[in-house]
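Asker: Turn these sequences into a full structure, and let the hints guide you.
Quick mapping for you: the protein sequence lines, in order, are chains P and W. Going by numbering that gives the first Met the number 0, the first sequence opens with residue 0, and the numbers climb by one from there. Going by numbering that gives the first Met the number 0, the second sequence opens with residue 0, and the numbers climb by one from there.
These are calculated hints, taken from the structure and not from any lab test. Keep in mind that a hint or two might mislead.
Identical copies carry no separate label here, and so any pair may be met within one copy or between two of them.
Cut-off 30 Å, straight-line C-alpha distance, at most; resulting in silico cross-link-like pairs (DSS-like, lysine-lysine) [to be verified]:
1) K424 - K327
2) K336 - K399
3) K336 - K394
2 protein chains.
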Amino acid sequence: MATLSSSMAYFDWRHWFRAAVCVAVLTCPLSLQATLALSPEDAETAARGTFREWIEVLGIPNVSTVPADIERNTAWFEQAFQRRGFRTRQLPNNGKPMLFAEAPNAKPSSPTILFYAHLDGQPVNPSEWAQESPWKPVLKRRGSNGLWEPLPIEDLYGTAIDPEWRLFARSSSDDKAPILMLLAAFDALRTKGMDPSVNVKVLLDSEEEVGSPSLDAVIRGNLDLLRCNDLVVLDGPMHRSNRPMLVFGNRGIALATLTVYGPKQELHSGHYGNYVANPAMGLAQLLASMKDENGRVTIAGYYDAVTLDERARRVMAAVPDDEPALRKRFGIAEAEKVGSNYQEAMQYPSLNVRGLKSADVGNQARTIIPDSATAELDLRTVPETSPERLFGLLKAHIEKQGYHLVQGQPTEEERTRYPKLASLKLRGGSSSGMAVRTDLSSPIGEWLRRSLKKTHGADPVEIRMMGGTVPTGAAVGALNVPFAIVPLVNADNSQHSFDENMRLGNYVDGVRSLAGLLTEPLAKP
Amino acid sequence: MATLSSSMAYFDWRHWFRAAVCVAVLTCPLSLQATLALSPEDAETAARGTFREWIEVLGIPNVSTVPADIERNTAWFEQAFQRRGFRTRQLPNNGKPMLFAEAPNAKPSSPTILFYAHLDGQPVNPSEWAQESPWKPVLKRRGSNGLWEPLPIEDLYGTAIDPEWRLFARSSSDDKAPILMLLAAFDALRTKGMDPSVNVKVLLDSEEEVGSPSLDAVIRGNLDLLRCNDLVVLDGPMHRSNRPMLVFGNRGIALATLTVYGPKQELHSGHYGNYVANPAMGLAQLLASMKDENGRVTIAGYYDAVTLDERARRVMAAVPDDEPALRKRFGIAEAEKVGSNYQEAMQYPSLNVRGLKSADVGNQARTIIPDSATAELDLRTVPETSPERLFGLLKAHIEKQGYHLVQGQPTEEERTRYPKLASLKLRGGSSSGMAVRTDLSSPIGEWLRRSLKKTHGADPVEIRMMGGTVPTGAAVGALNVPFAIVPLVNADNSQHSFDENMRLGNYVDGVRSLAGLLTEPLAKP
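Answerer: Next comes the structure, spelled out in C-alpha cells:
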C-alpha cells in the first residue's frame, strides 16, 4: 500500500484486548455451514504450508517500474493460484500484466467478493539493508540486546515457529504477505473440507506503488471478468497492538496552483514600497481569508455536504487514538479544531498549503517587490462533494476577494483594468485520487465486523474514512461496489524503506482472519 | 550612485521649463560678491578644458572590488585636485584609499561645504558593450536611424560640441563626471578671477558601488579633516527633462526574517490535513494581519512619528510625477493608498515581503504539511523612527497574534507549551542603511534652491525624501550635518549596465550649476 502506512502508524491503543478464540462459531444466525474459526495451531500449520512459496516469490524482484520483473511475479502468482484450482488470466498493462484469479466452484446463489492486493514493490537501495540482498529473504529474531539477529532459513520449516520472528525482504509484508495468507486460508479450508461461503475473485495490481495509473482502465476493460458484489482490499499495516481493523473509506486528492501577480517586473522595494502592491502580501491576505484561527475553512459551502450521524460519531469516538501522544510526536501543543477529534477531522475536505514561494529567501533574498507569488494547494476531497464543486467554491471565493482570474500571465489590458490579478490552475478528479467511502452499516461492513469478531473475540477498530488517499480508490470507482480495507501486516514493518519485514505472528493471525472471513455467510444482494 | 537611479528614472515631467540665463545675479540680498551665473558659452569652455582629463581617467578601470585599480584612480584624482591648488590626502581603506581634497584659501568666516562623490564603478561585461572596451571612451552621436554612431574622439577637442553627443564608458556618468564638472567649475571661477563663496572640501568614496561598507569608519577616523557645515552629494541621475533637482533625504533599510514553525517534520497532508496546523497558512495569516486592503501597515504605532507639514505637502504635490504613466509602466491598475500621491507614500516606513518560502512549488511540490514557512521582510525606515522602534512594534504585533517567539528552532518544551511558534531574526541600523533627511527649510536647502533658480531660471524639483536607501547616509550619519543630493547626470545614462554614457549637454549644465553654487553666498551658522 503506497500511503496508508503513515495513517495507520500512529494508532496507539490505550487498551489492548487479547484475542480469545471462543464461542464465535455458536453465534452466527446466518450460517448455512459453520464459520471456520481456525485454531491458532491449524492456522500456523496452514501458514507454514505456504512459507516455501513465500520465500520463493520474495526472491523475484518486483520494482513497479521494471516490466520484466513484474512479468515474472505475475507468472509466479498465476501458477500459485492455479495450483489451488483457481482459474486465472493475466490482464495486459503496458508490459506489466496484472493478475486475475477466480476460485473454483462458484455458486450462483452466493455473493462474489473481489480481493484486491498488489504484487509490485517499492524500489530498493541494497546498501541500506542489513542483509545480503532485499531479494534474499532472511529470518531474524530480536536478541536480548534488542538487535535483530539472523536465524537459519530452515527454522521456518521446522516444527515450531515463534510469532515474534520476522522475515526480512522487500515486499515481505507490503504486499506479498497478504496474498500468501489468502492462499494459506484456502489451503486451511481444503484441509478442513470446507468451501468458502462466498465466491472469490482476486485482482493483483502491478503498479500500486507508483499510484496505479492504469488500474481504472484495466478494470473498465475487464468489467465482466471482475464483476463482483463487494471489494475487499488486502493492503496496509495494522496498528502495533495488532487489533483487527477495518477501513471503510479514504479521502481523495485534488490540486490547485494559485498565483497572485504583482508588477510586470520585480521592483526596487525602497523606491516603490508603499506604492506598488506586493503580490506576496496579496497572496498571504488571500490565503488568510480561506481559513479561520481554528483551521476551519471559511470558504462558503466548503463543508456543506458532510453530515455525521450518530453511528458515525460513535464509531469515530471508539477509535482508541492517543491524541496527546500523537501531538507530542509531531511537536505541536494543539490540534486544529475542524473536528472534535482526529477521526472527525478526517471526515471533512481539507485545504492545505503544500508549498509557497515568492522571489527568494535566505542568502538569495533581494530587496525587491516580487512580480508574483505562488501557493500550491492540495484539497483532500470527500465522497459527499466532488473536486469540481470544491474548485468552484474556491474560485468564487477568490473572485469575491476582488481578484480577477487570468489564464497564465495577465495581458497588458488585464493589468490596466484589474487591480487584483491571480491565476488558479486546477488538477483533480483523477481515478486514483478519488474519495471513496462505504457506509458503516453496509452488508459488507456487517459481514467483516461479524467475522473478525468471531475469529478474534473482540470488535475490530473501525475507521470510517482515513485522511490519506490510496490509489485503490480507482478500483472502487471503476467497479462501483461497496468496499473495505482489511489491513493484516504489522505496523512496524518498515514498508517502503530498507529492512522491510513481516512478523510471523501477524502472518498466522492473517490466515485466521481470512479463513473466518471466507467462511462467514453473506447474503447475496 | 548605487540605487538612486531607479528612483529618479521614473520622473516624467509634464512641463519642461527651459533654463533662462537672466537676472539671477541681481536678486541675491546676501551677496558680498556677485553670484556667478556662468553663460552657456563660458561653461562649455570650462567643460572642454576638462575633457582630456575626463578621457584619461575613464581609461583607468575602477571596479570597486579591485584595489589596484582603485589605487590608480585615487592617485589620478589626487593629482587633478592638486593641479588646481587643492590640498589632498589619501584616506586609507583596506587597500582602496578614499580621497580627501580641500580648496585653497579657505576663509574662517565662510561656511564649509563637503562635496561627496565616488570614484569607483560597477563591474563590466565587455562583450555586452557596443565598443572595444568600457575603459576606452567613445564619443557618439545619434544617427538619423536613431542608432548611436561613433565620432572621432578629437571632435571633443574641436571648436564646437553638440550638447546631444554622448561619451560612452564605464563611469562616464556614474560618478566620475560630477567630479570632473566640479573641477571645471573651479577652472571657470579662476578664469573669471572669482573665489568661491564657501570653503570647499571634497570626499571621494572608493566603495560606493558595493554599499560603502567602510565609509562610516573612514569618516569617523578623519573627523577633523572632514569637519564641515553641510554635505552636498554629487551623485545619481536627473530626470529625462534635465530639470534641476534636489533630494533632501532617503529612507533607510532594516531586514527581518520571520519563520513560523509547524510540526517537527513534514507530515502527510492527507493523514493530517485538518488536524495539524499548517505553518504556511499560519505565516499567511500573520502577514495578512500586518497590512490592510489599502497597503497600509496595521501594526499599532508604525506610522506614528511621521508628520507632514504644509510646506512638505506643497513640495510633494509640486513634483511633476506622471503617476498614470508610472502605473502603466509597472502594469498595475491601482497604487496602494499609503499616501495621497507617490511622494507622500515614500515619507512613511514600509513593510515589504521580499521573499516567501515554504516547502516547494512547481514540479518539486509534494503533498505535505510543511514543517516551517519563512518570509523575508525589508522595512524601509524614516528618520522619525528608529529601526529598533519598528522592530519592537513588529515583535509586539506578532506576539499579540498569539505567537511565542523562539530563538532558532523551537525546543521540545516550547513545542509542548505554545500552540503558535515563530522566530524573528532582525538585522538593521547599519550605518550605510540609515534613513537621513534634511529639513526643506534648512539653510543648505535655501542656498541650493536659490542658486539653482538663479542659474537655470526655474525652481528645481524637490524630493523631500526618496524611497530607496543610498549608502551616503553613512556620511550624513557620521558627520551629523545637514545635507542634500544634487543629481547632475542624464537619466538615460545606462549606469550600472553596459553602454553607460554621459550627455555632453548635461556636463556643461552641471558645470553651470556648480559654478553658481560655489559662488552663491551662504551665511556661516
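Asker: Hint by hint, say whether it matches the structure.
Answerer: For each hint, the structure was consulted:
1. Only between protomers do K424 and K327 lie at most 30 Å apart by alpha-carbon distance; the minimum there is 27 Å, versus 36 Å within a single protomer.
2. In this assembly of identical chains, the alpha carbons of K336 and K399 lie at most 30 Å apart whether taken from the same copy (25 Å) or from different copies (21 Å).
3. Both within a single protomer and between protomers do K336 and K394 lie at most 30 Å apart by alpha-carbon distance, with minima of 25 Å and 27 Å respectively.
The structure is consistent with each of the numbered hints, conforming to all of them.
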